[in-house]
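Enquirer: Sequence:
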Amino acid sequence: MAFERDPHKLFPHDHLLKHTVLHLIPNSVTPNAVTALRFILTPLVFWFLSIGDYAVGFPLFLFTAFTDALDGTIARVRNKITPWGTFYDPVADKILIGGVVLLIVATHINWTFALVILGIELLIVIGGYWRRSKGTVMSANIFGKMKMLFQVVGVTLLLLAVWTGHTAFFLPASIAVLLLAIGLAIVSLFTYGL
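Residue numbers for the sequence shown follow the numbering used here, beginning at 37 and rising by one.
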């Protein structure tokens with residue numbers, strides 16, 4: 037397939053993290069442990085956002101989303117890529133983003149917008165399960181990475197709008213970024229061969 041990539045090839049953010057944050061993380065920390073941490077933290081993110089405690093929920097969301105970049109960087113830089121991580125890392129991302137979309141986007145933008153985001157993500161997950169049942173586990177490509185980045189930025193802008201009440205800038209910016217994320221999600225869906 038034209039968009040398949042070597043899973044060991046570093047993304048641009050890997051170089052940045054390699055020379056900054058990665059030095060602070062012991063070699064004993066595996067990328068799968070970081071992915072597992074995201075699974076553990078995600079319900080806490082949902083809880084704090086659902087009760088409106090943005091002082092805790094907002095930074096916890098940012099940290100939890102950051103673990104997505106971190107686990108992949110650890111895997112690629114330290115040559116610790118596993119089939120489990122290749123499959124469950126994006127599942128953890130989709131649970132985090134999907135839950136926040138249901139909690140925040142559906143409430144503060146609209147349900148249709150949220151359902152479009154969730155529907156595309158669901159198709160990507162179904163495609164991943166189908167490929168895995170056929171013995172193929174594909175690594176994320178640049179479209180999938182950019183989609184996740186734009187989703188995180190869009191949700192971050194929306195959380196800032198809700199938390200601060202400054203909707204005049206943050207709300208339209210969030211919608212614009214999430215629309216770009218939807219476009220990238222569609223491209224990502226097709227580049228994975230669905």
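Keep in mind the hints are simulated off the structure, nothing from the lab. There's no promise every hint is true.
For each label pair, taking beta carbons as the anchor points, the in silico distance ranges come out as [claimed, not checked]:
hint, residue 1, residue 2, range
1, W83, G155, 37 to 47 Å
2, T203, I117, 22 to 32 Å
3, G171, H202, 46 to 56 Å
4, P48, H202, 24 to 34 Å
5, P95, P208, 42 to 52 Å
6, H202, H44, 36 to 46 Å
In silico DSS-like links for lysine-lysine, alpha-carbon gap of 27 Å or less [stated by the list, open to error]:
hint, residue 1, residue 2
7, K130, K54
8, K170, K54
9, K54, K116
10, K130, K116
11, K170, K130
12, K45, K170
13, K181, K170
14, K130, K45
15, K181, K116
16, K116, K170
17, K181, K54
18, K181, K45
19, K130, K181
These figures come from a predicted structure and were not determined experimentally. Even glycine gets a Cβ: it sits at the ideal position worked out from N, Cα and C.
Enquirer: Each hint needs a verdict: does it hold in this structure or not?
Expert: The hints, checked one at a time:
| no. | hint | verdict |
| --- | --- | --- |
| 1 | W83 to G155: 37 to 47 Å | violated, 25 Å |
| 2 | T203 to I117: 22 to 32 Å | violated, 42 Å |
| 3 | G171 to H202: 46 to 56 Å | holds, 50 Å |
| 4 | P48 to H202: 24 to 34 Å | holds, 31 Å |
| 5 | P95 to P208: 42 to 52 Å | violated, 24 Å |
| 6 | H202 to H44: 36 to 46 Å | holds, 43 Å |
| 7 | K130 to K54 | holds, 25 Å |
| 8 | K170 to K54 | violated, 34 Å |
| 9 | K54 to K116 | holds, 14 Å |
| 10 | K130 to K116 | holds, 22 Å |
| 11 | K170 to K130 | holds, 22 Å |
| 12 | K45 to K170 | holds, 24 Å |
| 13 | K181 to K170 | holds, 24 Å |
| 14 | K130 to K45 | holds, 23 Å |
| 15 | K181 to K116 | holds, 19 Å |
| 16 | K116 to K170 | holds, 23 Å |
| 17 | K181 to K54 | holds, 17 Å |
| 18 | K181 to K45 | holds, 13 Å |
| 19 | K130 to K181 | holds, 12 Å |
The earlier numbered hints that this structure contradicts are 1, 2, 5, 8.
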